[in-house]
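As a plain string of letters, each chain reads:
2 protein chains.
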Amino acid sequence: MNKFQLDSRLAADSFLIGHFELCELRLINDSRWPWLVLVPKIAGAEEIHETSPDQQAQIANETAITAKALKQMMGCEKINSAAIGNIVRQLHIHVIARNENDTNWPGPVWGFGKSQPYDNDKKALVINQIQKALSASPQFSL
Amino acid sequence: MNKFQLDSRLAADSFLIGHFELCELRLINDSRWPWLVLVPKIAGAEEIHETSPDQQAQIANETAITAKALKQMMGCEKINSAAIGNIVRQLHIHVIARNENDTNWPGPVWGFGKSQPYDNDKKALVINQIQKALSASPQFSL
Chain A
58 MNKFQLDSRL AADSFLIGHF ELCELRLIND SRWPWLVLVP KIAGAEEIHE TSPDQQAQIA
118 NETAITAKAL KQMMGCEKIN SAAIGNIVRQ LHIHVIARNE NDTNWPGPVW GFGKSQPYDN
178 DKKALVINQI QKALSASPQF SL
Chain B
58 MNKFQLDSRL AADSFLIGHF ELCELRLIND SRWPWLVLVP KIAGAEEIHE TSPDQQAQIA
118 NETAITAKAL KQMMGCEKIN SAAIGNIVRQ LHIHVIARNE NDTNWPGPVW GFGKSQPYDN
178 DKKALVINQI QKALSASPQF SL
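Chains as they are written, first to last, in my numbering: chain A, 58 to 199; chain B, 58 to 199.
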């Protein structure tokens, strides 16, 4: 059985925030939106429905914990969550905080315009905020 | 407690395929992609993470059954699934079959171009195919 290894494009486009039991939690390097991805540490996984029932339940649970923390932290209008993977096939679940005055509202974030990388201070601040918002969850660790 | 009632825009933009235990399954009236939505019959629900843990597990399960049936039926390259709801706030989960030669691949389907309504024959054919693909699932009924 192959060992899980993070896709090189996901690694290049995002920063590690921490770990759930099953998923790595990462921040997409695009400061236009607070945009997280969960990457289940399952070698070869591409579709949620092709993982085991236990893994599906765990993915749903970790996604909900992330969505709840992000919504509380940002006070945002809406959470957008999705598993798309048309380009990067390694299974990853997007969780994004959306607001009525954000870039491309109410359209989707995927495929829109050009990403705006974080500067170091802002990146550290956002990662720290998310780590704090999740610190009460026993399933999350740094 | 309010009774669940399908949002009028979802009703106008889609056709009923059948019912799971928790969700209504509908076909979006856009023939560019085989595009399904699951609508949990929970009054007032807007975010998956705000439903109960049992409901979250049920949504995940019914979404996976739908995705699996759609992928097998279409032989498609990728399933795209998402809960967005920036416009229609009633909770609904998109499940879409994508292929490398389809409209806007590998970009997302949401917010892209103008929908192309089904003609009656094609609509009946697609609904019938999906009903057949799900007929083996004890959780699905017409």
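Misleading hints may appear alongside valid ones.
No distinction is drawn between identical chains; accordingly, a pair holds when it is met within one copy or between any pair of copies.
[Claimed, not checked] BS3-like mimics (lysine-lysine), calculated; alpha carbons at most 27 Å apart, straight line:
| id | residue 1 | residue 2 |
| --- | --- | --- |
| 1 | Lys180 | Lys60 |
| 2 | Lys189 | Lys60 |
| 3 | Lys60 | Lys125 |
| 4 | Lys98 | Lys128 |
Calculated directly from the structure, the hints in this document are not laboratory data.
Which hints, by number, does the structure contradict?
Structure breaks hints 1, 2.
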